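Construct all of the structure, not just a fragment, from the sequences and the given hints.
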Amino acid sequence: MIKIYVPLDTTSVSLGADEVAEEITLLAKQNNQDIQIVRNGSWGLFWLETLVEVEVNGKRIAYGPVKEKDVAGLFDADFLNGGEHPLRVGDITKVPYLAKQTRLCFKRVGLVDPMDIDDYIKHGGFTALKKALVAAPESLIKEMEHSGLRGRGGAAFPSYLKLQATKDAVDDEKFVVCNFDEGDSGTFSDRMMGEGDPFMILEGMFLTALAVGANEGYIYLRSEYPIARKVLNNAINVARKTGWLGKNIQNSGKNFDIHLRVGAGSYVCGEETALLNSLEGKRGTVRVKPPFPVHKGLFGKPTALFNVISLVSMVPIIEDGGKAYGKLGYGRSRGTCPFQLSGNIKYGGLVELPFGITVRDIIDDFGGGLEFSFDGARDVKLVQIGGPLGYHMSKNDLDNPLDYEHFKTLGGHIGHGGIIVMGHDASAKELAHFAFDFCALESCGTCTPCRIGSRRGAEMMEQIISGESVNENIILIKELCDTMTQTSLCALGGITAVPVLSLIKNFPNEFEDRYNKYVRR
Amino acid sequence: MFKEYDFDTALKVIEKNTHLRGGLVETLRNLADTFGYINEELYPVLADTFSQSEAGVLGVVSFYHDFKTKPRAKNVIKVCMAEGCYARKSKNMIKVLCDTLETDIGEKREDGEFEIEEVFCLGNCAVGPNIVVNDKLYAEVTSDNVKNIINKNCKGK
Ligand SMILES: Cc1cc2nc3c(=O)[nH]c(=O)nc-3n(C[C@H](O)[C@H](O)[C@H](O)COP(=O)(O)O)c2cc1C
Ligand code: SF4
Ligand code: FES
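Residue numbers (the numbering used here), protein chains in the order written: chain A, 28 to 548; chain B, 30 to 186.
Nothing false has been slipped in among the hints.
Derived CB-CB ranges, DEER-like:
1) B/38 - A/103: 49 to 57 angstroms
2) B/180 - A/103: 27 to 35 angstroms
3) B/38 - A/284: 28 to 36 angstroms
Taking lysine-lysine pairs in the PhoX-like style, the calculated list, with each CA pair at most 25 angstroms apart, reads:
4) B/181 - B/124
5) A/435 - A/532
6) A/408 - B/124
7) A/281 - A/157
8) B/120 - A/373
9) A/96 - B/165
10) A/505 - A/532
11) B/41 - A/309
12) A/268 - A/257
13) A/134 - A/169
14) A/309 - B/97
15) B/176 - A/96
16) B/45 - A/268
17) A/274 - B/45
18) A/94 - B/181
One-sided excerpt, in silico: chain B residues whose CB lies under 10 angstroms from chain A:
19) 62
20) 154
21) 159
The set of hints was computed from the structure by calculation and includes no laboratory data.
Keep in mind that this is a model prediction, so the values were computed, not measured.
Beta carbons are placed, not taken as given, at the ideal position from N, Cα and C, and that holds for glycine.
Here it is, written out as structure tokens:
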């Protein structure tokens, strides 16, 4: 029987992977070929999707990008034996885009069958967990401290401190929560992990539970990810059936179970306290801190809440030791981060690297360079880092390394590692308008500067776009940004100023009255 | 895509969730997944089940973008309005989409055939612009191919 891999990843499916899989099944039957199709995660080289891999003598030979109409030709070229074909890529792991990465979190994504727990174990899964089941909680937290891991959800808070505080909190019940809300535009690493290697997320949650002394975990998944929902549901069920979740896990005497909850299209529910309210069945409004979730979190109980990538990062940390992990990185940003390249770029995809590479290098070495966009136009204008609340860099800023502190100095943040490249058709004014508009739409309504200020900001940007009182409006917008930054309870209202002010600073021409007059004429 | 709403089916959906801790959002989620919207005649039942006021239930329903209170159109088209797709020139495509369907973002056409819903990032940013037509996600949608995609997937006119 010949094994053929066709990804079930959202991006692959959106480009026709299901149809490709069906066509392969059909033609194999017609040709009397005995095949088995495995739906794997995506390797994250999206311009090659749908990437089809065939196992020939124990080696995987890749072809891509394959469309439904190419399948017949692949059979003619004897792809089941690795035959030559214009779409033949060969060994995918030798492609520089992948070979140059440091994949710790994503080491199994693309490689394994995400539905099959045995495949996970065969590829080293649960090694960290087996260690942790017999380790003292303190020693797990020590490894996290040595690793220097900081939260990948956006706030970059040292993870070991959160673990320690939750462990120290005394209560009869504690929770682990996985933040799978991934609301930032331009990000898809959580999704790819959930679809490509879900058991690693469960393992990360279990490690956290052992460190803090929790018996129950929740995954809060955004509703926009139906495939991840299916794969995670399966993973939880399979893990329960095979004794990796539930009571007395692998005869260790330890209990831990995980529930999957799906959100309802609210961006602010990615904020940790809004998320907890939503999990409790309430409106997703932001809570005042303190008390912090580590003391009073879900249902008022001590809760260790982490982003998906923070949780999976804990797995290699326990496997190989915190010190080994901490050797990678730059300054106070330790370890690797899965950066996500998208937008007006030739080679969009997932690039896991140690912190410290410059934005220019990641675009040059991976994205295909500044001059090349997806539709062949040579026109890179700006790069947005860190989602809708992120900093918009001009071409002059691109030599900044991807490091938490550098971006703080710049006035921005890395957020969840999303990098969106935009061409000259992108308008700084429209983007600034979008930032306010998005804040208005997603504001939880708790504080006035965010709830009302965002609307006023959007209105002023509309006026600027139509050329009304431009200079006056810019002065007011800067004051509004200041108020929102100083007085908002959470980062939604608190850093909506980041995109707005960076656009005004880096593209001043577009906000000048003269420019508007010129354009209107 | 969605089931026709009926009270008894809705009750069954609710009953399945009564044991959940803090289960109101999850229950609404399941109702929305089943019928596409939350029928207001369920508010008293939900209020009883989750021990709160009807106003409390309405408060939760109104907070979340996914919880609609009116029956959906025959065809629901979600379109990504966020920056990754914007960077890949979604603007023109969205205009053509609205013109083709003769309705606006966030609106249901009067004859109930089509509805365009705005969403912000589908996690498919590397291959945008993206739209979802009756639960099927399409990437690389342009002003040229958007009509075809609609015609192929929608029964209305
Ligand atoms: C408006 C807003 C949206 C957020 N969205 C997310 C999100 O989608 N995913 C996430 O992991 N963190 C998000 N965060 C950050 C969380 O509040 C929190 O810091 C994080 O989940 C903690 O996990 P970490 O320490 O692993 O990063 C958001 C914060 C704000 C203010
Ligand atoms: S800043 Fe906005 S989103 Fe955050 S708590 Fe205040 S009103 Fe809510
Ligand atoms: S920005 Fe459109 S899918 Fe992410």
